[in-house]
Every structure is written in structure tokens, then in C-alpha cells.
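Colleague: Just so you know, the sequences run in chain order A and B.
Going by my numbering, the letters in the first sequence line up with residues 197 to 871, in that order.
Going by my numbering, the letters in the second sequence line up with residues 197 to 871, in that order.
The hints are simulated quantities; they were obtained by calculation from the structure and are not laboratory data.
Do not take every clue at face value.
Since the list can't tell identical chains apart, any single copy or any two copies may satisfy a pair.
In silico lysine-lysine, DSS-like type, Cα no more than 27 Å apart, as pairs [claimed, not checked]:
1) K801 to K757
2) K352 to K305
3) K375 to K672
4) K377 to K757
Number of protein chains: 2
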Amino acid sequence: MSDTELAERAGLDALAYITLFKTGLKIFGASLLYCIIIELPVNVTGNYYTDYNKQPGVLGDPNRELQFTNFDKMSMGNVKKGSSRLWTHVIAAYWVAFVCYYILYTSYKNMSHMRAQFLSSFGARATVRQYAVLVTDIPASEKADRHSQVDSFFHKLHPGTFERAQVITKLTKVDKKYKEKEKVRRKLAHAEAAYAEAQKKNTEKAKRPQHKTGFLGLVGEKVDTIDWCQKRLAELGPELAEERRKTVAERTIDAALVFFNSRAIATMSAQSAHARKAESWQTQFAPEPRDVIWANLGVSWWEKFARQSLVYGATFLIIFFYLIPITIVSGFSTLDNLKKFASFLNPVFDIGPVKAILQAFLPQLALLVFLAILPKLLLFLTKREGVTSLSHADRGCAGKYYYFMVFNVFLGVTVAGSAFGQLKQMTENPTGIVDLLGSSIPQQATFFITYIALSGFVGYGLALSQLIRVVIYLVKLKFLVKTEEEKRDSWAPGSFSYGSTVPKDLLIVLLGLCYAVIAPIIIPFCIVYLGLGYIINKNLALEVKVPEYESGGRMYPHIHKRFVASLFIAQLTLLGFMGIMKFTATPVMIPLPILTVVFHLFTKKCLEPRFTSTAIEVAIQEVSEEPSIQEVMAAYTPECMAGENEDVESSFSPAKASSREHETALLNGGNRKVV
Amino acid sequence: MSDTELAERAGLDALAYITLFKTGLKIFGASLLYCIIIELPVNVTGNYYTDYNKQPGVLGDPNRELQFTNFDKMSMGNVKKGSSRLWTHVIAAYWVAFVCYYILYTSYKNMSHMRAQFLSSFGARATVRQYAVLVTDIPASEKADRHSQVDSFFHKLHPGTFERAQVITKLTKVDKKYKEKEKVRRKLAHAEAAYAEAQKKNTEKAKRPQHKTGFLGLVGEKVDTIDWCQKRLAELGPELAEERRKTVAERTIDAALVFFNSRAIATMSAQSAHARKAESWQTQFAPEPRDVIWANLGVSWWEKFARQSLVYGATFLIIFFYLIPITIVSGFSTLDNLKKFASFLNPVFDIGPVKAILQAFLPQLALLVFLAILPKLLLFLTKREGVTSLSHADRGCAGKYYYFMVFNVFLGVTVAGSAFGQLKQMTENPTGIVDLLGSSIPQQATFFITYIALSGFVGYGLALSQLIRVVIYLVKLKFLVKTEEEKRDSWAPGSFSYGSTVPKDLLIVLLGLCYAVIAPIIIPFCIVYLGLGYIINKNLALEVKVPEYESGGRMYPHIHKRFVASLFIAQLTLLGFMGIMKFTATPVMIPLPILTVVFHLFTKKCLEPRFTSTAIEVAIQEVSEEPSIQEVMAAYTPECMAGENEDVESSFSPAKASSREHETALLNGGNRKVV
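Next up, chain A with everything else stripped away, as it sits in the complex (with noise of 0.2 Å):
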């Protein structure tokens, strides 16, 4: 299957994050190919670590002596110090740097082409987002209301390409009543089949369903469901016709999505500084109508600004000091002191199973559970900076996730392991802690090792059993799902979460590159994890996940990037290490990270920007289906204001037939919601 069908059939987002597979693969197989093959006997060979034992005055001494395992014997560790066999790893290291030069570029250039190959030609949902612009920051006005301001200020701009303005509402209140007409509606839906059901079974007792109007159906009133959803339906239409009504008139924000006739001119609008004060009416290319943050849209630039400054101090104490609660947490959570503070659960707690599994897991559960938690809490933190897109917050998210694990586990493993794992020999010996140091390192390999090998087996394991979903969905379908609609809806797959997915799989790739040289042995294991990633992903993204937005691939910039600071961070622990390893010309290795830092600003300039901007020369381009301002204004009229009332879609948009097919295409092309 070509890379052109996957886009077309699963969305560029998930080439995107099928890519970083393939080019992780790429990368990990042609290192092997030196690492393993060459490298690896003159590592074994090396015999370091039994000579080091052997020694008079160590041999036999169980303080002095190292311990070690074969994967150590495998290492760069085993090596003796300042041996001139260090050059193959100097080659080793140029072997790498040029295999991901090479390969991260030839990515980085097929995903942009796809790009500019999806943008102009993958139909009308693809071009939709190119007539249409975001305006945010719009200044206050006295003399005109928002429609007409925006109005005239784009057709003295623009004039003759300048085609129609919506102004953005909150859309609190109309999503909450349109939010429980369709409860009702699916409520009335349900009621409905049920009593077919029952009347199918048994015509004559049949019982009509009766609910509690109350809370949660358990107290109140008891009615008859089906008249009462009838009922209620029949005056939530009109509650809702005027609130649709009054969103318009009264509840306009500083936002507005400006369509214009020409897509080179809503390209150009899109890039360009329209107002003379720089922080008002300020452009972007509108992201796609699913992967709009409608609540967003108003936040101003400055509160924007102050937003982004309190979200990155929390981010920044997040990835420092996250760990530490935990760890008190996790401290405390035994349980004896979750019977003090449960006193009435006692008696459960004291059953033969139930205590022992707790005893066992309870430290271990709230690390977990507090761990699961960061990814989500680090995505609402995003959310709140006041991004405009999903994919952006998908983005934001994925970076910060990506430093917290960079941190936490890349940094506070290897030092912590390194400094401290070893501290009894140090302290009898301080002269050794250089040579101690040396040793340490390629020892951390042995856990990372495990840590890739578990986050593969178990995590994707899981990914491919499915087996919790398959549980719900047979649960639900036995007791719960009466009508159609409530049938699809239980088995919705949901999509990719790339903010939490993109880092961990970094991860991997970070310290697949951190010990490539160092521990070649490390690579088949990143090739596993890596491979097994390609194949279920894949076949996640084409059969399985309905994704939730369509960026055009702007995760790839992200995931290029992050390799290459994980070739950077590789380089620069070698260069140090080297220096551990007494080896005088490790000096030749220092061009290596300025060649790195070199490729970055390379690949920066040159593919970066046909991520961020669409080119006039592709914006022009024709297309198979050109969509008319009806079918664009549609695609853009959030779900709870899309409806059949005449008033609302007179001013605020689409014309009948256009809402038609809007909701087909909602249908086919997933969930669009008010997020």
C-alpha cells in the first residue's frame, strides 16, 4: 500500500505518525547493519570487565569487583579505556549521523510533497480551508456591530475578492439546549424501540417505558417516556430556534471567519499583516472546520500571551517536580493507611485477596494512576493557552509530554542510575569514580532495554488486544443499545491521541539513538518495538480510528524535530562518554553535533515552511470538486448551529441544500463537535 492511498484513505495526520515509524525503522536498520554486524564483536572482544576483574587486589574482593551482565559484555564499556578500538565507534557514530541525515530528509521531503499533493488535490473537503481565513483580535467598535465592521473592513481590503464574513458567537448556551433536544430526541428514540420490542414479544402486556424526571431518573415524578420526550421535544425546538436567534445577534466575540472567492488572495490574506496596530485583526489559515476550538476564538492576544506564560510556568513545574508528589503519594498509599482514612471499607479490605493484591500494587497503582493522568492534564493545560486547533493542542501537548519524559526518564534514569547506583564502591574507593562512571553508563542500557521491550510488548499488546473495548461494547449491546444510532456510537473507535501516542514512541527513538553506539545491542529491540508500532498502527489508522481532524500533516515538523534533538542529545552523551573512555582523538567527534545543529536549521528553513504556509503556486492549483461559498460557509457552522430552522440559516449561513449535504458529510466524516 503506497504512502498516497494511506493519506487518502486514513488522513495525512496518520501518515504522519506512521512516517515516524517507518523512518525510526529505516534509521534503526541501516545502523544495524554497522552496529551489529561490526561493532558488536569488537565490543564482545573487548574484554574489559573480566580483565578488570581479574586483577590482583580485585579478584575475590566482592566490593571491588564489577558486577555484569552479557548485555554489558556487549557494550562500548567493555572496551578498555583509551584502546584504539575506539575508533570503530568514531565511525559508528559518523555511520549514524549520516544514515539519519539522509533518511530524516528524504522523509521530511515525501511528507512535504503529500502535503502539497493533499492540499490541492484530495477534493473539496481538503479545499474547503482554503477560501476561508481566521481573523481574531478584532478592536471594539462603537459606530457599527460586529457584522458590519468586519464586513466593510475587508471590502475596503479586498475589495472584489472579499466574499462573505461569519462572525464568531459563544456558543455556550445554544450547545447546551441543542445538547439536550438531541438527549430527548435519542431518549424518545430509544423509549420507542424498546416498546417495539416489548409489543413484538408480547402485544398485549407491553408496557410503555416510564422514567423519573428527577435526578439522575431516580426520584421525581414518574412519566410516561415516550409522551413526555414528544412533548419536551416539541418545545425544545422552538427554545432552540431562539437561542440560535439570540447567539447571533447578541453573543458575537472578537472572531470572525472571512471567506474569500479566490483561494490565492485567502492564501496571501492568511500571511499577511492586515491592521496597522500589529495586535489587532490578526490572520491565520483557518484550520479545518472538525479541528476548530470554537471556544478559543476569543481569546484576545494579550490574554492569549498571558495564558501561554502561566500554562508554561505550570509545564515547567510539571516536568521538574511532578515526580516528587508522586513519590510521597505512593509513599503513603499502603494500606494501613488507606484503612484509616476507609475505616468503613475494613471489612473488604481484610478479604484474603483483595489484601494482598493491595498490599502488592497500592504504591505502585497511584504512580500509575498519576502517570496516566499527565498526558490528559498536559492537553487541558494546552487547551487553556487559547490555540484555535485541536491539532495544535495535539502539538503543544505532544512537546511538552515529550520534555516531561525526556526528563524524567532519559535524564533521571541515566544520572540517577549512574551517580547514585553505584555510590557504595565510590565511597571506598573516590579515585575510581571517573572509571565507575564509564562503567555505569552502557550499564543503564540493560533497563532502557527492558523499558523498550515492556513499553512494546505490554502497551502494544494491549493496543492489539483490544480486548477491554470489545468487553464494553458486548456489555452495552446486551443491556443497553436499542436503536441504531446508539449501536454505531458504542462501538465508535475514537481516534489517535497524538498527544500522548507521538512522544512516547520519541521516546523510544531518543533512546534507541542515545545507545546506538554505545549499546549496539539496544537496536533489534527499538527495531521490534518500532515495527510492531508500523504494522498495528497502520492497520488502526485504516481500518479502526475515525480521526478527529485533518492538519494536513503538521505533526510531521514536530516528530522531525524531536529526531533530530535525539541525534544531538546522542552526540553529545558520546562526545562525553568518549572522554570517560580516555580515548585522546575525541576531539574528532565535535563536529558532529555543529553538523546536527547545521541540519536542523537546514531542514528549518528549507521544509518547514510548507508545513506552516500554503504556497500560492499550490493554492492555485484545480482541483476535482471546486465547493461553492454555500458548501464552504456550511463546513464551517459549528454542529449546533447547523440546523433545519429557517430564520438562523437565512443570517447566520448555509442555504438549505448546502446543510444537507453538510450533514452527510458529518456523518461520513465523523464527529464534529463544540469542544
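Position chain B relative to chain A; hints supplied.
Modeller: Same frame as chain A, now just chain B:
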């Protein structure tokens, strides 16, 4: 005189430079209010130095006694360690910070307002560039020649608004020929004037001027100058025309100036990505005609990238190591060494006064010469980077020179003075290092006060007297000048060299802000320096200097950022010094540097875009005189290509009429050369 008048008469770049002094004066004036009136008495009555020397064990021991001057007694170091008097200095730091924020923000805002006004209403000269877009990195094409390639590309992308394109050419050869022709033309005028003068004195015996045709007029055949020049001019006319024809036809490079008939579209086009390949067809706002560095336009982006990397590396080396060879050369440049190398000059060296002067000043002379060369070297390097405009090169040079001075003057003196200056005491009393450091940081203030005073009085004294220039002018007038053109040229006042003057003045601001709280007595010296600078430079701008280019005040964001950076460095220094002073409430100072970073980000986001791009709203404003496309193109024709030759004009650019206007504009507007 208002800012508007100043900008109209001297240009916006001069206004930006003058604003540096005005802003500095306001800041130091406001700081003066608190720091001199309230803080200074607190320092003077602190009596730390006198009390320290009165201690038993210190009194009478010249090794342990502190050396201090009256300047030192006025500094913060004279307050006792840990004294609650230090709260005065905390308030001073906050006062200076908020004064800076307010004044910097209003100045920046005012400048951005002036720029917007300039861009839309300062007449045709300012408007011309708004029709033009500079396109670089035009990809190689096999099918079409560059002229039609550029035409067809922009016709496709901007149908209806694209007017004409002017492919840039390599001007080296045609410029050489043009200069030769100019030289002969002047020689002829000079000879004719000299002959006429001679005839006036003595009609009979007047000798026709003669010269030798060989090297420097010293060797070769002797000819009659007037005849020879007339003959040569007749030859050079067709030769130049031929060179022009060849240049247009054969010497095109990968860049073009593209002219639109709509300023709004030109503005948008300059800000938008054009081609699918981000590195090709890159567009930018066209620099003002006089501002263009024609020779750099053909530098492709990857060549620019490579050049920048090399120049940054070289600059790094210069900043850190420039003083080392200078010091060595200074050490060797004694009279005795000079005698060895230039023994034939020994008779001259043995003359009494010459010997005395050389012995005294030779080492300093080497230092001065090397330091005077530095800004020119940095400007040369910056131009080699491949920047497209002189104004950009000036900014780049100013940035590099500023770093040099901060590292070598500010940090060098402070660190060297603090760490090594009192080395003797330190080695004898190692526990007193922190005490001594605390006392030596304020003591460096005396050095910097002297530095400011010298820079101000000597530097501006020389600038004011302009003695050298007048002497040279008078000598030339007496012996060399014959024609009006020569007279005008020999009095040519030149332009400001922002690349070297701006960083010098900014260094004074840095010193002033850093010591404003620690040694407030520095403030009056800064005020005198900046006040002199304000008066002298304003007069120079209005009456003497002729701007080399008009970039619309693009220097101001550069100046503003360095003001903010100075404040940041000052706050860090004070934070550290408070710690040395054992002030227990030191953490109350921590919010200050954070606030400054936030202020920097705020102004960067809110005001900087107004300088880097032209908003559409500004571009569509009506202007008093709207230039025709011929005038626009004529303005962008390099001097050596704009001539009376019919052939070239029709194929290259300007119509006869506009060409003449252009020549007039040239005389009014200053000297446009091929750089």
C-alpha cells in the same frame, strides 16, 4: 521641532537614532529623581568603608585596609552588609524597571506610529518601494530565458495585478565601464575649467593641460588632456552601451524585482509563500532603491546559509579572541622593534620629539588602530553574509559590535577588575573573597564613569569640531577643485554609520542601567553623554549628514531590544550583588528579571511586526503623489544602467521622461551607488 518634522527633513532612520538618545535621557532623568535624591544620601551615610578600616586589626595595616575614593563612598558598597537600608535599593530597582517599561513602550509605540505615517504619506519616494517585491532564488529553467520565466510565473499567480518584472543582472563589468566614463568626463571638465582659468589670467601664454597616459600619470606618452578626453569619451559611449546590452541579455542572475499595479497585492505578495518548494521564489519587501546591495541579490538561499554560518563562526572568534592578538601586537610594537624592521627610517626615529612620541604612544596606537578597524571589519563580514540591503547590513554589524563591546568592555572589565584586581588581598585572606568582590563591583563604577566621560567629551568633541573634515576641504579647495561638481563632492558630508555609532551609545545605556542602583553617581554622566549626543546628532542629521538610504526606522526594534537586554543584565547583576551584600530579602528582586522577559515578549509580539512588514491597511491609504510604473521602475534602475541610451531603455526599463526625473531625484536624494 517635532518628530514629524525631523522625520520629514532627515529621514526616519535618523529619527530612530535620535530617539535612542531621547529615550535614554528620559529613563535616566526619571531614575535620577529617585536614585540621586533618595538613594545617594542613604549610601553616603552608610559609612561601611570608613567603619571597616577603623576595626581593630585592620586599622593601620595597609594590606587589609580598603582603598576607596569619594565616588566609592557614594555607591551601594558603602552600605553595611545585610543592613535594612538595602530596602532603599530594592525600591530603586523597581522604580528604574517600571520607568524603563513605561518609557520604552511609549517610545516604541511612537516610532511605530511615525513609521506607519511615513509609509503612507511621506510622498512618492516612500511609496515607490510599496509597488515592488524582491524575488530571490529563482530556480534554474531550461525551457525559457529568465525574463520570460519570471513573467509567466507571476502572470499565473497574480493575473491582473502583476505589472512588470526586472531581472537583476551582474553589474560588475558595466559598472566598471560606467565609472571609467564618469572619470574621463570629470577629467575633461576639470581640464577645461583649468584651461579657462589659465586663459583668463593670461590669454596668450595659457598652456593647454597635459598628462601622461601611463601608471598614475607618472609614466607613458604625454598627451593633450582635453583632446584625449574628448576622444576617449567618444569611444566609451558606444562601449558602455554595448556593455549595457550584454548585461541585460546575458548576465542575468537568480533574482528579480517584480512590480505590481496594486500596493495591497504587492504587500501581501511580499509576505506570502509563492512556490511549492519553499526555498525557491522567495519574496520579500523590496528595500528602498538606494538601500539595495545589488551584488548580493543573486546569492541563493543555501549559499546565504553557508555564508551566514561562516560569518557567525568568525564573529564568535572575533568577540572572544580579538583582544589577544591585539595585546600581543601592542606588546611588540615598541620603538626598538620598529627600528629593526624599518632600519632605513632610523634617522627619522632618532629625532628627539619623534622618538619621545613614538615611545609613549606606539603600543596604544596599535590598539587604537585595531579597534578602529573592527566595526569596518564587522560591516564587511555582514555584507558578505548576503544580506540584500545596506540597512540590514548596518543592523547586523551593530548587533555584532554590541556583543563585542558587552563582552570585552563591560564583562571584561567587571570580571577582570573584580577577580584579579584585588588578587593580592585575596591570596592573603582567602575567606574575605566574597567581601572583596562585593566591594570591587561598585568600585568598577569609577572606571566606567571615566569611560563615559571620556567617550562623551573626546568623541563628541571631535565630532562637533569636525576640524579634520574642514581642513581637508580647504586643502582640496585650494589646490585641486576646479569645477562645481568637484567642489560639491569634496564637501560631501557622508551619512551616519549606524553600524558603529549605535552600539557605542547603547553600551553607555548598558553601563548606566547596570550601575544606576549600585553607584547612582553614574547617572548624571550618562545624562550629559546622551544629552550631548542628542544635540549634536540632531544637528548633524538636520544640517550636515545626507542619509545613505531610508529603511523607515528599521533600526529602532534593534535599539529597543538592546535597551531591554541592558535592563535585564542590570537586574541580574543587582540580584547577584544583593546576595553578596547579605541582604536577607534578596528574593523580592527575583520577579524583576522575569517581568523584563515578559515585557520583551510583549513588545516583540505587539510592536515589532509593525516594523518588519507593511500592513495592508497602511498600503491602501491614499498618497499625495502616486508614482507611475515607469517612475517606480526608473527608481529601481542602478545608476550605471540608467543612461541616455535608447536601446537599453526600451528593453530594460525607464522611458525618457521618467529617466530625467530620476536623475533629478538622484541629485536631491543623495548618492546611489552600486554596492
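Colleague: So which hints don't hold here, by number, going up?
Modeller: 4
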